[in-house]
Amino acid sequence: MKAVCWRGRGSVEVETVPDPKVLNPRDAVLRITTTAICGSDLHLYDNFIPTMQKGDILGHEFMGEVVEVGPKVTNLKKGDRVLVPFHISCGHCFYCSGNMWSLCDNTNPNARLAEKVFGYSGSGIFGYSHLYGGYAGGQAEYVRVPMADVGALKVPDGLPDEKVLFLTDIFPTGYMAAENCNIQPGDTVAVWGAGPVGLFAAKSAWLLGAGRVIVIDSVDGRLRKAERDCQAETIDRREKDVLDALDEMTAGRGPDACIDAVGMEAHGATVVDHVLDRGMQLVGMQTDRPSVLRETMLACRKGGTLSIPGVYGGILDKLPFGAAFAKGLTFKMGQTHTHKYLRPLLARVEKGEIDPSFVISHRLGLADAPAAYRNFRDKKDEYIKCVLKP
Amino acid sequence: MPGTLLKVAAKSAAGPGSGLARAADYAPPTPTNVSDAERVVSLGVGGALLLNAVAGKHLGLLSGLAGGYLLYRAATGHCPGYQALGLSFAGGTGPNTAVAADAGVKVEHAVTVNAPVEEVYKFWRRLSRLPEFMDHLRSVEETGATHSTWTAKAPLGMTVQWKAEVVTDRANEVIAWRSLPGSDVDTAGSVHFRMAPGGRGTEVRVSLKFDPPGGKLGSLVARLFGENPDQTVRADLLRFKSIIETGEVARVEGQPHGRR
Numbered sequence: 081m082k083a084v085c086w087r088g089r090g091s092v093e094v095e096t097v098p099d100p101k102v103l104n105p106r107d108a109v110l111r112i113t114t115t116a117i118c119g120s121d122l123h124l125y126d127n128f129i130p131t132m133q134k135g136d137i138l139g140h141e142f143m144g145e146v147v148e149v150g151p152k153v154t155n156l157k158k159g160d161r162v163l164v165p166f167h168i169s170c171g172h173c174f175y176c177s178g179n180m181w182s183l184c185d186n187t188n189p190n191a192r193l194a195e196k197v198f199g200y201s202g203s204g205i206f207g208y209s210h211l212y213g214g215y216a217g218g219q220a221e222y223v224r225v226p227m228a229d230v231g232a233l234k235v236p237d238g239l240p241d242e243k244v245l246f247l248t249d250i251f252p253t254g255y256m257a258a259e260n261c262n263i264q265p266g267d268t269v270a271v272w273g274a275g276p277v278g279l280f281a282a283k284s285a286w287l288l289g290a291g292r293v294i295v296i297d298s299v300d301g302r303l304r305k306a307e308r309d310c311q312a313e314t315i316d317r318r319e320k321d322v323l324d325a326l327d328e329m330t331a332g333r334g335p336d337a338c339i340d341a342v343g344m345e346a347h348g349a350t351v352v353d354h355v356l357d358r359g360m361q362l363v364g365m366q367t368d369r370p371s372v373l374r375e376t377m378l379a380c381r382k383g384g385t386l387s388i389p390g391v392y393g394g395i396l397d398k399l400p401f402g403a404a405f406a407k408g409l410t411f412k413m414g415q416t417h418t419h420k421y422l423r424p425l426l427a428r429v430e431k432g433e434i435d436p437s438f439v440i441s442h443r444l445g446l447a448d449a450p451a452a453y454r455n456f457r458d459k460k461d462e463y464i465k466c467v468l469k470p
Numbered sequence: 030m031p032g033t034l035l036k037v038a039a040k041s042a043a044g045p046g047s048g049l050a051r052a053a054d055y056a057p058p059t060p061t062n063v064s065d066a067e068r069v070v071s072l073g074v075g076g077a078l079l080l081n082a083v084a085g086k087h088l089g090l091l092s093g094l095a096g097g098y099l100l101y102r103a104a105t106g107h108c109p110g111y112q113a114l115g116l117s118f119a120g121g122t123g124p125n126t127a128v129a130a131d132a133g134v135k136v137e138h139a140v141t142v143n144a145p146v147e148e149v150y151k152f153w154r155r156l157s158r159l160p161e162f163m164d165h166l167r168s169v170e171e172t173g174a175t176h177s178t179w180t181a182k183a184p185l186g187m188t189v190q191w192k193a194e195v196v197t198d199r200a201n202e203v204i205a206w207r208s209l210p211g212s213d214v215d216t217a218g219s220v221h222f223r224m225a226p227g228g229r230g231t232e233v234r235v236s237l238k239f240d241p242p243g244g245k246l247g248s249l250v251a252r253l254f255g256e257n258p259d260q261t262v263r264a265d266l267l268r269f270k271s272i273i274e275t276g277e278v279a280r281v282e283g284q285p286h287g288r289r
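Keeping their order, the protein sequence lines are chains A and B.
Going letter by letter, the first sequence gives residues 81 to 470 in the working numbering.
Going letter by letter, the second sequence gives residues 30 to 289 in the working numbering.
Treat the hints with caution; some may be incorrect.
To be verified - Cut-off 25 Å, straight-line C-alpha distance, at most; resulting in silico cross-link-like pairs (SDA-like, lysine to any residue):
1. 135/B / 200/A
2. 134/A / 286/B
3. 152/A / 152/B
4. 158/A / 103/A
5. 82/A / 286/B
6. 196/A / 152/B
7. 101/A / 135/B
Unchecked claim - Chain A stretches covered by chain B per the calculated footprint, using a threshold of three residues with CB under 8 Å from any CB of chain B:
8. 131 to 138
9. 201 to 214
Rather than coming from a laboratory, the hints here were simulated on the basis of the structure.
Values in this document were obtained by computation on a predicted structure and should not be read as measured data.
The C-beta atom is built at its ideal place from N, Cα and C for all residues, glycine as well.
Please model the complete structure; the sequences and the hints are all you need to start from.
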């Protein structure tokens, strides 16, 4: 089959590799009908997530048709059309039982490695480095899905791929980010980053009762999308000081909740910030550039909540923790517990409350992946979300 | 038990049922009687003497023999000279333990399994299932209510076998076992079970002691083969937990990838 393989920093290639097969009793194999490139794939592309190996198959947002099931998968059969969450969860451990699916105890074969870095290991993730399990991803013609009996969700016939594909990651991720804000009626929610997760967070904030949604970015196409498709007010950080603007817009209170939908590869709040962070990253003194996180800590109102769906991978430097302490902030973060949101959010799509396909900017073939990665990373051509049809 | 490295190698090469293997089992015991520090010194001095001999410098034959003798002491921890004199500078083995207090390798680890204590105890008590999650084991054959034969993987594709008995067995509390005298590997182990607080399942605490072939030096050699015992046991327990909780062990071997 054809698959998108990681070859090193800034390089992916479509290669011919063996077809996947059932390896464990709870596995299924899918023929992929639609897959997508996620913003977090760019962290792999830029080589900021350690433990990638040349030849690793990328992709954790995909859906398709079941072509094979293991002996213990009794709820799926050949021909079923399913979507699959980006992380693999067993459904039986303490964490899965407690609806904390992305913290699953049993799905990272490299848990020992992750324990060394993180203390304890979360779940395995498709196509997301060996630290997260070393699973082959779904930017391919076929994919093996472990624990398919609890992961794969059957999709109602009437709904096209593009309307449901993003239930695998970015829609629940944006939704959980908004849910983590514990939104009260009238709350102002500020979202940093108008990429797909930020846009879904903005939409979800409305769904959860926000009184006002403000989106911060520096790319014209993305700011327009936030205004047009998410009914958000926007701050263009090229034009305004973000902290001043937020203070002014909230009449001196600050946003009730701040969402960092940017993560580890932020472009600095100030040029000095950015140059310092890049330098630190280059000499290995920090792995992540936390300029957005710093800004959210300063911007948030007293007693407010910081919600962090943006991915961080390692060590952060110079966080204004005193500000967070002085203002009694609450931090909520982590990989999305996708399984928890699949059915409720599918119901919202079925009812027409939201059409997730609004984020799609490009529709391409698998062979176009190398160019798509490059253009997405460089934010060329108003790239927001690219889906690939194998 | 010293000398076993050679014995195990000979038996593996000749096959378990061969005359050589039987002869090796009847070979006289060669107890560890050289301290670890002295074994390291023996290794250094013996190596130097051998090199000297090979280089053909003064007293070639004599230093070759002496070097070989010291290297044997280093590798096996056994000194025939000390044995003849009735001396030992290594820890002894008491009658009720398979591994002396200061000999061998000890590993302790704990894991919490999200299942009732009865189920977790029952799974472990069927010793024949241990190889499903203990990576270093090839098989455990239960030969009676308390007796069993264990076969483990050793470096270089060899196997090591020993007979063991369960010495303590209290349902849902503890299982303890030890190898019987005359085994290739001296080993003892215990596993304690306890209900975790607040309905969090069962706490499983494992303690394993073993004296690998070639003593502590042997374990250093073993580590070169990726057999770090501490890592091994931790990984074993994660697999144990996975099998009980999910019915399988997460794996990625056998899945496709591009050019490496």
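Going down the list of hints, with the structure as the test:
no.	hint	result
1	135/B / 200/A	holds, 23 Å
2	134/A / 286/B	holds, 9 Å
3	152/A / 152/B	holds, 20 Å
4	158/A / 103/A	holds, 17 Å
5	82/A / 286/B	holds, 10 Å
6	196/A / 152/B	violated, 29 Å
7	101/A / 135/B	violated, 40 Å
8	131 to 138	holds (count 5)
9	201 to 214	holds (count 3)
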